[in-house]
Amino acid sequence: MSAIGIFDSGVGGITVLRALRSAFPNETFIYLGDTARLPYGSKSPQTIRRYLTQNVAFLLSFPIKAIVVACNSASTVVEGDFWRDIPLYDVIRPGALAAVSATKNRHVGILGTRATVTSGAYVHAIHALDPDITCFQQACPLLVPLVEEGWQSHPVSREILMEYLAEPLASGADTLILGCTHYPVLKSVIREIVGPKVRLIDSADVLVDRIGMHLRDGHIQPDRGDGSITVWTTDSGAHFHQIGQSIMGDIPLDTWQLADIR
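The numbering of the sequence shown is our numbering, which starts it at 1 and goes up by one.
If you are wondering where the hints come from, they were derived from the structure by calculation, not from laboratory data.
Source: prediction; values computed, not measured.
Certain hints may be false.
[Said to hold, decoys possible] With a cut-off of at most 27 Å between alpha-carbon atoms, the simulated DSS-like pairs for lysine-lysine come out as follows:
no., residue 1, residue 2
1, LYS197, LYS104
2, LYS43, LYS187
3, LYS43, LYS104
4, LYS187, LYS197
Based on the provided sequences and hints, a complete structural model is requested.
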């Protein structure tokens with residue numbers, strides 16, 4: 001039985017795992033949280049590319065039928081749709097497609113890590129689909145640490161988000177990309193600040209549709225089993241387990257193990 005491998009720098013990718021597990025409960029998932037090297041967003045492209053290569057190699061040590069790069073910073077250095085004939089899914093292209101489809105006034109705001117914003121990956125992906133859309137990027141380096149600490153409901157998170165969201169909203173954006181898989185954990189607070197009319201884009205939703213299509217058409221062989229989740233972390237997983245399980249809700253994270261990534 002082959003699994004779908006997923007990795008992120010920390011708990012953010014659990015939002016993608018939750019969406020995929022909810023949609024495909026019979027599938028086997030292996031999740032890698034690279035907590036020893038968190039955050040990726042402050043690292044150089046060369047370093048992130050090395051992490052990407054090492055993390056994919058770890059996942060391929062198991063029977064894997066697809067790999068999801070559930071990290072926007074790592075997705076900025078992904079090249080192509082396959083890794084050694086294994087389908088490879090990033091989160092940037094689905095998010096860009098969803099934003100282009102959602103915007104009415106052709107003004108899109110992008111929240112992301114410094115690495116994602118500096119790469120311009122979302123802007124390039126959006127303009128490849130519609131070059132006339134105006135994009136406004138906002139780096140949000142404090143949000144990942146807040147989510148990793150489980151502070152999504154802390155008053156300081158709201159204050160920081162209000163600061164980060166001021167300019168994207170002032171730019172007239174009617175659509176806002178949550179350009180880091182940690183950010184959907186803050187979605188309720190973001191919604192309170194931006195109001196009901198701004199469309200919030202979570203790449204996981206579009207990714208579910210894409211993988212679902214590939215499972216149906218045989219591009220990825222579907223499983224008919226009971227489904228399971230195995231979680232690996234590269235550093236002590238106790239705090240990760242607590243935050244990760246809170247994100248998953250009533251979907252249990254079955255097995256936790258420590259990975260040695262070199």
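Results of checking the hints against the structure:
For the hint linking LYS197 to LYS104, the alpha-carbon distance of about 11 Å falls within 27 Å, and the restraint holds. With a C-alpha separation of about 25 Å, the suggested pair LYS43 and LYS187 falls inside the 27 Å cut-off, and the hint holds. For the suggested pair LYS43 and LYS104, the alpha carbons sit about 34 Å apart, so the restraint of at most 27 Å is broken. For a cut-off of 27 Å, the pair hint linking LYS187 to LYS197 stands: about 14 Å separates their Cα positions.
Going down the numbered hints, you'll see the structure goes against just number 3.
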